[in-house]
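Chain X is already provided as a structure; the job is to place chain H on it using the hints.
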Amino acid sequence: MQSTADKGFIRRLGQLLNPLLVPFLAIVTAVILGGIIIKVVGGDPIAAYKGLVQGAFGSPSALSETAVWSTPYIFAGLAVALGFKGGLFNIGAEGQIAFGAVAAALIGYALPGWLHTSIPPYIHIPLAVGAGILAGAIWGGIPGALKAYTGGHEVINTIMMNYIALNITSYLLNGPMRDPNPLNLSARTPEIAVSARIPPIFDIPGMRVHWGFVLALLMAVVVWWLLWKTTLGFEIRTVGANPDAAKYAGINVKWIITLTMALSGALAGLAGAIEVTALNYRHELGFSTGYGFDAIAIALLGKNNPYGIILAAILFGAMRNGATRMQFLTQIPIDIISVIQALILLFVAADAIIRFIYRIRAREERVVLTRGWGG
Amino acid sequence: MTANDIVLEANEITKHFPGVLANDHVSIDLRKGEIHALLGENGAGKTTLMNILYGLYKPDSGQVVLNGKSIVIHSPKDSIEAGIGMVHQHFMLIPAFSVAENIMLGDETTHAGVLDIKAVSQRVRELSHQYGLEVDPDAKVGQLSVGAQQRVEIVKTLYRNANIIILDEPTAVLTPQETEDLFRIMRQLTARGVSIIFITHKLKEVLAVADRITVMRAGRVAGTVKPKETNEPKLASMMVGREVILTVQKQPARPKDEVLRVEDLRVLDDRDLEVIRGVSFDVRSGEIFGIAGVQGNGQTQLAEALTGLRPMKNGKVIMAGKDVSGKPPRPIIETGLAHIPEDRQRHGLVLSYSVADNMVLCNYYLEPFARGGVLQQEKVDENARRLIRDFDVRTPSPYVPTSKLSGGNQQKVIVARELSRPVKLLIASQPTRGLDVGSIEYIHKEIVAMRDRGVGVLLISAELDEIMALSDRIAVMYQGQIMDVVKANEATKESLGLLMAGIKSSETAEAAAPRP
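Protein sequences appear in the order of chains X and H.
Its first residue numbered 6, the first sequence is counted upward by one per residue in the working numbering.
Its first residue numbered 24, the second sequence is counted upward by one per residue in the working numbering.
Here chain H stands alone, though its shape is the one from the complex:
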């Protein structure tokens, strides 16, 4: 490779935020037609670096070099003109608009002052054909799957003549199949001369798709490697700075009394369609009962119905011997429920609240945190300091707004709060979604520790690896029904995969009954 191949270069970039050195003399270069993965934990400085390249932040020092020339990027507009496009983790699309309308948004093609949708549609079709991205310019964005919306975002950058595309955590929202599709698209783009910076914290993905991997840790570059020269454990320790145990270590479960029994549960979704269609199962204390399944098969609504966040249409829920069917959240929580919600920012936290306040979100009204309706702030703060220490939450103090914490630490706040209460049942929905290796390892360990203390755990996750690593028994959900319940040590990825696709084999049925 010669220096001429380098299309984009960040040189010794340094960026301070109040109290944080987000980028510390970071250098990275991108060659023409390569996929360069930027790997790192949450808060390692990946997104800061990319926001500098995209013109959202100004670096304190260091320079950006484009095609051999040093450039200054003041705004996203500059970077778009320089041929840099960015696909954010959260899409910037308007659901009510068509694909073509979304694509031209901010760069409208007009003909005598009238929007020329036809020309845009035509161009989108050409691009879609040229780069092998299936996108229907006339479809409404709101009706597209997440994967298809992401393709729209990519086409949007191509429409603006980007030849460098930054993908920020693109796989966080995708199913395994959609991830495969994305990788295929990425390879097609690079084959046509586009260069891609691929930001992620998932080790398997970088090994599968990247040409080169730069690992960032705590604002610095920990090294740049080729996939052939490395492996998952090596990358993980580069990311975290120490040895990481990627598998979960646990003893066989010793299940005891039943803590949750669900009988013929039926639940409607927001459009009044029945998405839980007669589900029955039970969870015992001291076991982890995993619910596997492709996302969108009713897992979200199942967790919401069991925790009182969503009304149930039919059925019975018995928690710790008490009938809690149709009860609101508080009596269910008081029965002994801990709940790690799927959407941590929507349900799990009040982002504007301090870490300390969030850590008593479910029991602020109980002694010792309140007495006679008056908050005991010292007790609240004391509790926070203890949990921050015990659960290793990285926060400058208990008083900072939770919105200032990284995603992993926000999740730790929830985990600390929920696991520190005396509970009988833990419902954990996607407990490690979007988190980095270090946090995942930690949360897994805590969930297993909960089990060993005799708590029943209902684990709902779209990550099959996670379900298989943690669960003692596994139920597979498909279109609102449980296909089968199998023992974890008898389950294979293939057998679960078939069930997840809705194919039932008679052999697996016998393992369903729990044996205390």
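Extracted from the complex, chain X is given alone in its bound form:
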């Protein structure tokens, strides 16, 4: 016989796991469908998935690479989720990541020259990363302020800001910030100073996993703490849930909207800065393409919960990482991974499909449309 305490525990565990149910089933369904597609194009789904899992988790170095892939996904996913919590749809993570990377690279390679001295790592690293955070915050804060004070819709404006950021980045990497090494043929910055580099966790060749991954995990805790434990988080969530009530409660709604977008941009900028300071040691055109958009998918899959985002980001990182091994072993093109990711997203976004397939009782949820294109 079960004691009531046990039952209470199981019930609470159920409540805790319940939000994970739909994403989990979405992944299962997408994997099954992906397998069917692989079969249809003439491949062996079992072998393909075996290769995928092996490539992602099969060895210490595979695990390390999965963590490396997941790092920017965690930061950028948190960025998008924070915006969502404040009722804001930040599609501009891509541009914010790019500027974060550019700023971190600039401080990373140029600052010692400007100061005519070498800088100790414990100063240089925070400065370079901080520059990336600041750049992202500004690039996110601008559309936030436009939304708050003029009513310009953040979706439109962040998309526009992406184009501006990516083109400015292209100009900088081809022009003023281009690596002057005569052997260099690509649009990239010089390598950053050794003092600006975040070291790998293990001093083993081939294990690239760096402290940035740990920072990403910590950042998820920080974002969770900010949103649910601080007055600022209360304000952000209130503005997101009901801006009219927020105003009634005396919250400065316009300022909170601006700040939320700036914080969201800061997290995205951090993603770019960490890629530069901990992994690539420079910024190169095309290094970050897609992280900002995948981040939207990750935020959605993680249900905007910081811990959910860690799981979703690791899943996406593992798939991206394992795909290469899968292609090598089975000659199935990497693109199938994009298809599976898209399917997961589809099922999470339209969770009625999953609820129908698996006969899960729906919670009382109404169709939520965006609050329109106005202010």
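Any given hint could be a false lead.
As the list claims (entries may be wrong) - Not the full set, but computed from the structure, chain H residues with beta-carbon under 7 angstroms of chain X: (1) Leu167; (2) Asn184; (3) Ile356; (4) Arg369; (5) Tyr387; (6) Leu389; (7) Ala393; (8) Gly396.
Hints were generated in silico from the structure; no laboratory data involved.
What you are looking at is a predicted structure, and each value in this text was computed from that prediction instead of being measured.
No residue lacks a Cβ here, since even glycine has one placed at the ideal position from N, Cα and C.
What follows is chain H alone, placed relative to chain X:
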């Protein structure tokens, strides 16, 4: 009456929701051509029962009998085919569409694949003529008054050949005149053989219009009576399950210092029209200053401007000796304002938040609820448990989302939050709109208690009875101006009614000056 007269019957309907027994063996029958009122407090199970009849919910047990035959209703489509139409409390109309377009929505008449608006308009005119409902099929719904929109909803059910119409709280959104119109329409419909189930919690209305009254309480039928055999106090105690005091008991006011002075206030509405046109008045501590008036005469914008939710165009607002003209909400709240907003779900609550979080919505950032920018959740929860007890909020726990509470309990959450803070002025806008007798009694008592503790109260209400019962002085607003300020004990319904219609008599002017 013979059994043949019964067109619709609900037999021993039982419906559980998680944690709630919404309907407990409920039986009710509807005769041809009668208005059967379903009376009960919020959460008594009226709407659940009607949603079962309309096919939105499936009952756990019990059956629905239509014209002597047991039927199963799976969806609203089934119930429409069975001749049951429902007019919801919140209208299901598209403002940008014309009346005819709205009426055919979901049941489009086409001619070779093209919408046949003309045929629909023609049919709407016929129905409108036949049942005495004035409706212009070509008008845009968005431009119609609330009463006219309701008529569109009724015509919509008739258009689908309904002979049983369920009206869910139809008068909650209407002015007294529009309510009278609705009653006239209801009688015309029943005279032509339509049967009506009329859901409400307003006692006066059921006595005025119903043929039979079924009272529901806590998911059960408390009894079915005829209007002639009962009266307001009897119905009220059937609803609440105990004696209810319908009048407000209070001592004469002892007004002291001025807590609010408004000078020549001018405010624009969303269309930039001046809706407050030079209003001046003052409220003293220890008095209730009521603002009466037909809805839409600027009361909403007045409350919004005074609380900082809407910018003012001109004028001065002095609160507790401090000039707060044009200030945003927070400094005004910190000056000592409590505000029960008119639209509780839009302004007063974050519905997805827990009861506990909503109870600190205005002071979450102050000690003891926050320290150094960090929320002190235990203090927030402690505060909630205390307020839930003190203000008798019916909620399973402080942690449930506020959206799960009934309307009356949602309002109690706001009242508890606003009245528990140390304030000097309370602005209460429509504090009991849409609430049941028990909650109204409770909130009235709390407002009077606030006054007796020396708080100045500005009460804005479209219910003249409420204004007269609570206020010490009464101002009447008409087209954005104050027609007059009168002492409550010298005011009559007739004299206020004239002022509300914009007719000013010179005799009432002398009572305007407050006497501390």
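Evaluation of the provided hints:
1. Leu167: violated (23 angstroms)
2. Asn184: Constraint on Asn184 of chain H not satisfied, violated at 29 angstroms.
3. Ile356: holds (5 angstroms)
4. Arg369: holds (5 angstroms)
5. Tyr387: holds (5 angstroms)
6. Leu389: violated (9 angstroms)
7. Ala393: holds (5 angstroms)
8. Gly396: holds (5 angstroms)
Violated hints, listed in ascending order, are 1, 2, 6; each of the other numbered hints is respected by the structure.
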